[in-house]
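Position chain R relative to chain H; hints supplied.
Number of protein chains: 2
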Amino acid sequence: MAGGGEDAAAARNKMVVLKRHVTGFPTEEDVEVVVGTVRLQVPAGSTSAVLVKNLYLSCDPWMRGRMSKHDEGVTVPAPDFVVGQTLVNFGVGKVIDSTHPEFKAGDLVWGMSGWEEYTLVSQPESLFKINHTELPLSYYTGVLGMPGLTVYAGFMEVGRPKRGDFVFVSAASGAVGQVAGQLAKIAGCYVVGSAGSDEKVDLLKTKFGFDDAFNYKSEVDLAAALKRCLPDGIDIYFDNVGGATLDAALLHMRHGGRVVVCGMISQYNLEEPDGVRNLFCIIPKAVRVEGFNVGGYLQMYSRFEEQMSGYIKEGKVVVVEDVVEGIESAPAALVGLFSGRNVGKQLVALPRG
Amino acid sequence: MAGGGEDAAAARNKMVVLKRHVTGFPTEEDVEVVVGTVRLQVPAGSTSAVLVKNLYLSCDPWMRGRMSKHDEGVTVPAPDFVVGQTLVNFGVGKVIDSTHPEFKAGDLVWGMSGWEEYTLVSQPESLFKINHTELPLSYYTGVLGMPGLTVYAGFMEVGRPKRGDFVFVSAASGAVGQVAGQLAKIAGCYVVGSAGSDEKVDLLKTKFGFDDAFNYKSEVDLAAALKRCLPDGIDIYFDNVGGATLDAALLHMRHGGRVVVCGMISQYNLEEPDGVRNLFCIIPKAVRVEGFNVGGYLQMYSRFEEQMSGYIKEGKVVVVEDVVEGIESAPAALVGLFSGRNVGKQLVALPRG
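Residue numbers (numbering that gives the first Met the number 0), protein chains in the order written: chain H, 0 to 352; chain R, 0 to 352.
Hints in this document: simulated from the structure, not taken from any laboratory.
Note that the coordinates shown come from a computational prediction; the quantities given were computed from them, not determined experimentally.
We put the CB at the ideal spot given by N, CA and C, even for glycine.
Wrong hints could be hidden among the right ones.
[As the list claims (entries may be wrong)] Have a look at the derived ranges for each label pair, beta carbon to beta carbon:
{"no.": "1", "chain 1": "R", "residue 1": "Pro76", "chain 2": "H", "residue 2": "Val73", "range": "31 to 37 angstroms"}
{"no.": "2", "chain 1": "H", "residue 1": "Gly294", "chain 2": "R", "residue 2": "Pro230", "range": "42 to 48 angstroms"}
{"no.": "3", "chain 1": "H", "residue 1": "Glu327", "chain 2": "R", "residue 2": "Gly23", "range": "37 to 43 angstroms"}
[As the list claims (entries may be wrong)] Over 10 angstroms on every C-beta distance to chain R, these chain H residues come out as not near it, computed from the model:
{"no.": "4", "residue": "Thr22"}
{"no.": "5", "residue": "Ser45"}
{"no.": "6", "residue": "Ser47"}
{"no.": "7", "residue": "Ala186"}
{"no.": "8", "residue": "Val322"}
Only chain H is shown next, with the shape it has when bound in the complex:
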């Protein structure tokens, strides 16, 4: 068993820490990269800790919520980040040292870690061993990680697709959207996506196999765009954006339709959320609007990993990533999510040496 040596080497540890709580759109100045040091061993006395060298940091919209200061009692998916402390999110890494029986030095893992070069993980139940090392490791920040599992659970378990269903996916070229669209195609659905640039719309149609797509920024009337692309209405709307797009989709749902509410990125930076005015449509059309988060579905990870890695190997699911290099690039990559600057899954690659 490793851990606890007195003479462990120390290493530089660059970290992205929160400089101030955020109101409105986040900026690069809300965080800063600071340099610390880390001992390259699990501290003496720890019996179930894992020291991870981070290889890929995942940039995900849900981090925005944790950058705000919430009033006590407000429901949040996870506690607020603390000013002066390192940001936390999913990532991919390599085990350097471990006192946990399930992990040993050299293991490749994904799970919750810090936005830093090395993280001492004291709750290794949030780490998963990477079984398919023949695939790009970075996929475990996306299609094979939290976003992929989110779609798998949300689309299959909450959306319950049937062959021939008309599916609409917003933020469709992003980490979640691109997987949602491709799983919908595998399920035999007709799939339309929306995205925020012509380049992304093109990706949807040519790379990800969407049947149709539109650039929501160049549409005057979102409801009309939906009616044009889905004249018979929507059976499943996989919602990543909320706001005006959700409102337009509600008008256009078919009887018995499902709105799978995965995220509302259009709302995360608003002082007051937009009002959704068309919710009444769910009564005559018996529509189910269901929120979900990946937390409830971690137990299905193994099944998911096997199925999704199979799809990738068969070419049924393809991946587009937007990779920046080095932890100094992380703040801009995170901030860019909220203007849609990323094309595909946004992640940060750290040196592997």
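Chain R alone, transformed into the frame defined by chain H:
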């Protein structure tokens, strides 16, 4: 077989007809009572029509939608009423003449009929025979009719209550709300209701067995009222009103909670619906918001009628009705729904002689 006689008696037939399509709150001047005549036999040549003498007309909020003129292509639960034609809704009546094999003169029925003294029902599939004539016939406009079946389907099938669940019902003393609260108590839930007067709040607690209740008109902060009455949150919100009450309830749902969206009476008279701002809460708390209407559940009517009539006989479900007499009183009774003037199920009794 009856029907078709040349020498059938004619009778006076007073009818409530739409005078003009409605914008905003309906008024008594939007409809008028006109006097016609009716032959007291099914016309010659009809092979499946039923002539009904109406005994009770049901006043239900959903009629408001049909009083508007909707643009083509807008989803509505039922077609707009036509100016100059009789309003249509559920009612209770007695068969006078029938050429339909399942109905004969003297049968007591409930179902879709006109707001008039006699209705020739040409689609008798929307009529149900009344099996429990030992109970007040008027109950078939409420607890044993469409509102009762609505609750039964919505609360049991969509809400899926578990013993110990915390349940909130809005418009709780109305036709639907009073049944929802009592079914929730039978299911072993803790039940809180909101209503629009102290008299109604008193009814909820003393007559219908709600555990707690509040007058939404005298609360400054609906979210605070919910927190006071349901400090541990809401598992099932049975929504009859939409708008601000729905928004407050969304803030206060428990993980895995269900919002059963049955109606949105607060919204029916607005030019533009209120925006619901707290929908994002459904993501971290994995809340299901499901709209439904009774149309999908008519096949469970027999099972429902047996169960509900049993509850009534055992005293487990009690009924409060607000009955006005005579068709001339119908317009005011209908309009009064939207200011909450009614206490309990609003209906109109017509002469039985």
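How the hints compare with the structure:
At roughly 36 angstroms, the beta carbons of Pro76(R) and Val73(H) sit within the given window of 31 to 37 angstroms. Checked against the hint of 42 to 48 angstroms, the C-beta distance between Gly294(H) and Pro230(R) comes to roughly 24 angstroms, which is inconsistent with it. A hinted range of 37 to 43 angstroms for the beta carbons of Glu327(H) and Gly23(R) is inconsistent with their spacing of about 59 angstroms. Against chain R, the non-interface label of Thr22(H) holds: every CB pair exceeds 10 angstroms, the least being about 17 angstroms.
No beta-carbon of chain R comes within 10 angstroms of the beta-carbon of Ser45(H); the shortest separation is about 31 angstroms. Ser47(H), annotated as away from the interface, keeps every beta carbon of chain R farther than 10 angstroms; the closest lies near 27 angstroms. Here Ala186(H) stays apart from chain R, with its beta-carbon at least about 21 angstroms from theirs, past the 10 angstroms limit. With a least beta-carbon separation of about 27 angstroms from chain R, Val322(H) lies farther than 10 angstroms from that chain, consistent with its non-interface assignment.
The structure fails to meet hints 2 and 3 from the earlier list, while all remaining hints are met.
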